[in-house]
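**Q** With the numbering used here as the guide, the letters of the sequence shown map in order to residues 495 to 642.
None of these hints come from the bench; they were simulated from the model. Only a predicted model underlies this, so the values are computations on that prediction, with no experimental measurement involved. One or more of the hints may lead you astray.
Said to hold, decoys possible - In silico SDA-like cross-links for lysine to any residue, where the CA-CA straight-line distance does not exceed 25 Å:
(1) Lys542 <-> Asp578
(2) Lys550 <-> Ala591
(3) Lys512 <-> Asn629
(4) Lys541 <-> Gln618
(5) Lys606 <-> Leu536
(6) Lys529 <-> Gln519
(7) Lys529 <-> Asn629
(8) Lys529 <-> Ser598
(9) Lys550 <-> Lys529
(10) Lys626 <-> Lys529
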Amino acid sequence: MKAVIQRVLSASVSINEKQIGSINQGLLILLGVAKDDASVDLDYLVKKTVGLRIFKDEDNNMNLSIQDAGGEALVVSQFTLCADTNKGRRPSFLSAAVPEVADSMYQQYCEKLREENISVETGQFGAMMEVKLINDGPVTILLNSRER
């Protein structure tokens, strides 16, 4: 599993100009599921997401987690994170999980964040979405469960 995590002041996701999810301060998380990802990958990514100390403390140091800061999460599925760009100019998505598996793992990721008392909004799996954000910092972190 791969995630692009952006610290945001706010973020929203829309389909056909209708907003379906939005957050204030927190994390915009773009999540990609590969075809051979397993529960160990899911658990690793949840633990890393919850534990990342990327929010500012009273001394303006990145020392707080999303839980410490009382932040929210907007999680958007993004299979294109599994792109292979090694050959040619057109990305290959053969390493992405089939939709049924990817959707299940995406939903599990969101639920596990909720179990950690994080308010979670989502996009719609498989839909064409418009994502808007006001990046804070900017702070952008890449997580890959294969690099644990």
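**Q** Confirm or reject each hint.
**A** Quick rundown of the hints versus the structure:
1. Lys542 <-> Asp578: holds, 24 Å
2. Lys550 <-> Ala591: violated, 35 Å
3. Lys512 <-> Asn629: Holds, at about 21 Å.
4. Lys541 <-> Gln618: holds, 23 Å
5. Lys606 <-> Leu536: holds, 9 Å
6. Lys529 <-> Gln519: violated, 32 Å
7. Lys529 <-> Asn629: Violated. Lys529 to Asn629 sits at ~30 Å, over the 25 Å cutoff.
8. Lys529 <-> Ser598: Holds, at roughly 12 Å.
9. Lys550 <-> Lys529: violated, 36 Å
10. Lys626 <-> Lys529: Answer violated: Lys626 to Lys529 is near 28 Å, above 25 Å.
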